[in-house]
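There are 2 protein chains.
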Amino acid sequence: MKLTINRTSFLNELSTVQRAISSKTTIPILTGVKIKLTTEGLSLTGSNADISIETFLTKNDTKAQMLIEETGSIVLQARFFGEIIRKLPENTVTLEVLDNKQVAITSGAAEFVVNGLDADNYPQLPVVDEIKQLQLPVRVLNKMINETSFAISQHESRPILTGVHFISSSSRLLAVATDSHRLSQRVIPLEDVQEDFDIVIPGKSLLELSRSFKDEEEIVSISIMENQVLFKTANMYFYSRLLEGKYPDTNRLIPTSFSTEISFNVANLLSAIERASLLSHEGRNNIVKLAVSDNKATIYGNSPEIGNVQEEINYIEMTGDPLEISFNPDYMKSALKAFGGIDIVIKFISPIRPFTLEPTDSEISFIQLITPVRTN
Amino acid sequence: MKLTINRTSFLNELSTVQRAISSKTTIPILTGVKIKLTTEGLSLTGSNADISIETFLTKNDTKAQMLIEETGSIVLQARFFGEIIRKLPENTVTLEVLDNKQVAITSGAAEFVVNGLDADNYPQLPVVDEIKQLQLPVRVLNKMINETSFAISQHESRPILTGVHFISSSSRLLAVATDSHRLSQRVIPLEDVQEDFDIVIPGKSLLELSRSFKDEEEIVSISIMENQVLFKTANMYFYSRLLEGKYPDTNRLIPTSFSTEISFNVANLLSAIERASLLSHEGRNNIVKLAVSDNKATIYGNSPEIGNVQEEINYIEMTGDPLEISFNPDYMKSALKAFGGIDIVIKFISPIRPFTLEPTDSEISFIQLITPVRTN
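Sequence lines, in order, name chains A and B. Start counting the first sequence at 1; every next residue gets the next number (full-length UniProt numbering). Start counting the second sequence at 1; every next residue gets the next number (full-length UniProt numbering).
Source of the hints: derived by calculation from the structure; they are not laboratory data. All values derive from a computational prediction rather than experimental measurement. Be careful, since some hints might not be right.
A pair counts as met if it fits within one copy or between any two copies, since identical chains are not told apart.
[To be verified] With a straight-line Cα cutoff of 30 Å, these simulated DSS-like cross-link-like pairs (lysine-lysine) come out:
id, residue 1, residue 2
1, Lys214, Lys143
2, Lys132, Lys296
3, Lys87, Lys214
4, Lys132, Lys87
5, Lys24, Lys87
6, Lys87, Lys337
7, Lys87, Lys143
8, Lys246, Lys214
9, Lys246, Lys132
10, Lys296, Lys2
11, Lys333, Lys87
12, Lys296, Lys87
13, Lys36, Lys296
14, Lys246, Lys2
15, Lys347, Lys87
All chains, full assembly: derive it from the sequences and hints.
Spelled out as structure tokens, the structure:
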């Protein structure tokens with residue numbers, strides 16, 4: 001294998017596949033990046049127990065300015081290799097496989113010779129059945145991931161809750177995540193009738209996926225088989241394992257009748273909650289109180305050691321009964337951040353029943369649920 | 001005490017004194033910031049075992065827009081107080097001491113009430129004898145600190161080496177630091193004849209001092225007494241304790257005759273050393289080799305597991321005998337960074353004797369010393 005390539009283009013590809021490479025793996029060859037050069041171009045692969053990423057750079061890419069002198073493949077220790085490429089003195093780099101799987105990396109006067117591994121020993125990536133396919137703009141998928149994945153469980157006691165539940169049926173795609181204290185569910189319409197599916201994707205995989213996309217305007221194809229999902233763009237294959245087991249029926253958790261409703265601008269409410277949580281974070285119980293009464297909405301926070309805070313907040317509209325309710329401000333903050341700069345309505349049943357948050361714009365099917373904290 | 005003030009101006013003062021406040025102190029009142037309001041303006045104080053910082057904001061400061069309604073003083077828990085001020089909704093904040101040393105912090109609709117401590121219980125700052133005084137532009141002092149303090153020892157086994165040795169005599173100021181493996185010494189001329197002194201200032205204090213200055217064009221007055229030094233600018237008093245004990249005689253360490261001399265541009269040499277150290281960092285011995293022979297200077301680095309690197313580097317001038325010498329690249333990197341983007345000459349005696357680095361511009365009295373690593 002012998003290749004000369006623009007250093008920046010190469011680094012771009014390398015940093016994408018490095019998302020899948022961990023130095024902690026017990027399988028030595030997986031600490032490496034697989035480099036495969038064909039007459040068509042360059043392909044890099046990184047993999048761990050959860051995800052695998054394969055990128056492809058065509059020989060016609062004008063920025064990459066590839067000079068393919070000899071095809072072939074090799075595996076190089078990813079961390080070092082990345083650091084070396086980053087620090088090279090010139091804009092181009094030449095990689096050449098020598099005897100004994102050694103690789104010469106040259107750029108200007110700098111000549112590295114590093115030890116490689118036989119690419120034949122690199123594990124095969126899973127073969128994914130492409131029958132159950134769905135196509136979405138990257139932008140739409142990224143948004144859905146951001147709107148739900150924060151609500152997954154961080155604990156392995158119920159592994160299924162560490163994933164996001166995706167259901168495709170009746171020309172709509174639903175994504176829902178819950179850690180049993182709060183829930184976030186987003187539904188989008190699908191343009192064509194698509195194959196139905198029902199899968200749970202690990203939250204961590206989705207975050208890495210979201211960071212691996214380079215162009216929000218691209219289309220991503222999602223292909224599913226029994227225990228794998230493949231996200232495919234023009235230049236990247238991103239594989240993730242699926243979580244096994246039955247995801248709980250979250251639909252029955254979402255209440256439908258309420259006694260108090262109040263709407264806010266998200267940014268206003270968020271900054272008041274952030275102030276109140278400064279003190280609540282110090283108390284033994286991390287709780288903030290919202291009191292809704294005639295024409296007034298007030299946020300309270302306190303810490304016995306430090307002091308207390310109260311703040312009357314502007315609301316847009318208020319209907320129903322007066323209410324005092326306490327909640328974990330961290331759940332409220334992440335819920336509000338997921339909505340972004342819009343207006344929302346919060347609907348309450350009672351101080352001890354979960355409350356819902358939804359955009360006031362009823363065109364958007366996005367609902368969040370937070371369980372309050374009982375204070376007596 | 002009651003004060004209304006621009007929030008940004010107040011935060012500026014607060015973040016300066018917070019450099020001296022540690023939450024780890026065993027003296028509870030020192031986790032606080034002392035706030036003192038007089039008819040002249042606002043003074044804030046923070047202190048720990050090593051340094052104390054006092055800032056002063058005059059009532060005439062136009063940006064601060066102070067409204068002094070009632071003078072007085074209070075001590076507030078610094079970490080929370082800073083976070084609260086940062087998150088307030090409006091551009092101004094009002095602080096008012098209530099009964100029982102509680103303090104109301106209000107800004108827009110947000111009303112915090114936090115617990116304070118009696119300012120009378122805050123320790124007195126040391127009284128510094130102002131006889132031995134020296135005046136310097138902040139820029140000059142900052143540069144001297146950056147040029148020397150990186151070479152202090154990080155180990156407490158010889159506490160005196162954790163400081164920078166400053167000597168004022170014969171119209172010049174000398175600063176030197178060494179950890180016994182490398183040394184950095186900078187000398188600057190002083191304009192007026194100044195009082196002689198010989199002190200060792202903790203390296204950590206100097207770094208905080210350097211970060212506390214806001215205006216490089218200001219003049220700083222340095223006043224010394226037996227175990228304290230005070231750095232004074234128009235709006236800040238910065239106190240540091242001095243290290244006790246005798247600093248070693250470093251002058252006799254600096255060699256004066258050499259067998260090989262070679263000069264480089266610092267940036268060129270630094271980037272080659274950084275590449276070589278990528279591999280040397282992985283080996284058991286973190287060493288990089290420089291080989292100087294007829295018309296050629298080459299840097300070598302290697303790691304048995306990963307591979308090796310060699311790079312011929314451009315030099316400016318070379319005289320004397322051929323030489324091969326090995327050294328810790330980390331010492332070389334910090335030495336080169338302290339020089340900045342200039343040309344330097346490196347002078348060698350033999351592969352086992354310390355070598356010196358100096359600017360090729362002989363007007364600048366700045367010398368560094370690095371002990372090589374014996375490889376056989």
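Hint-by-hint comparison with the structure:
no., hint, result
1, Lys214 x Lys143, "within (14 Å within a copy, 42 Å between copies)"
2, Lys132 x Lys296, "neither (52 Å within a copy, 64 Å between copies)"
3, Lys87 x Lys214, "within (23 Å within a copy, 34 Å between copies)"
4, Lys132 x Lys87, "neither (44 Å within a copy, 49 Å between copies)"
5, Lys24 x Lys87, "within (24 Å within a copy, 39 Å between copies)"
6, Lys87 x Lys337, "between (38 Å within a copy, 16 Å between copies)"
7, Lys87 x Lys143, "between (35 Å within a copy, 28 Å between copies)"
8, Lys246 x Lys214, "neither (33 Å within a copy, 60 Å between copies)"
9, Lys246 x Lys132, "within (20 Å within a copy, 78 Å between copies)"
10, Lys296 x Lys2, "between (72 Å within a copy, 29 Å between copies)"
11, Lys333 x Lys87, "between (40 Å within a copy, 14 Å between copies)"
12, Lys296 x Lys87, "between (59 Å within a copy, 22 Å between copies)"
13, Lys36 x Lys296, "neither (65 Å within a copy, 37 Å between copies)"
14, Lys246 x Lys2, "neither (49 Å within a copy, 61 Å between copies)"
15, Lys347 x Lys87, "between (55 Å within a copy, 27 Å between copies)"
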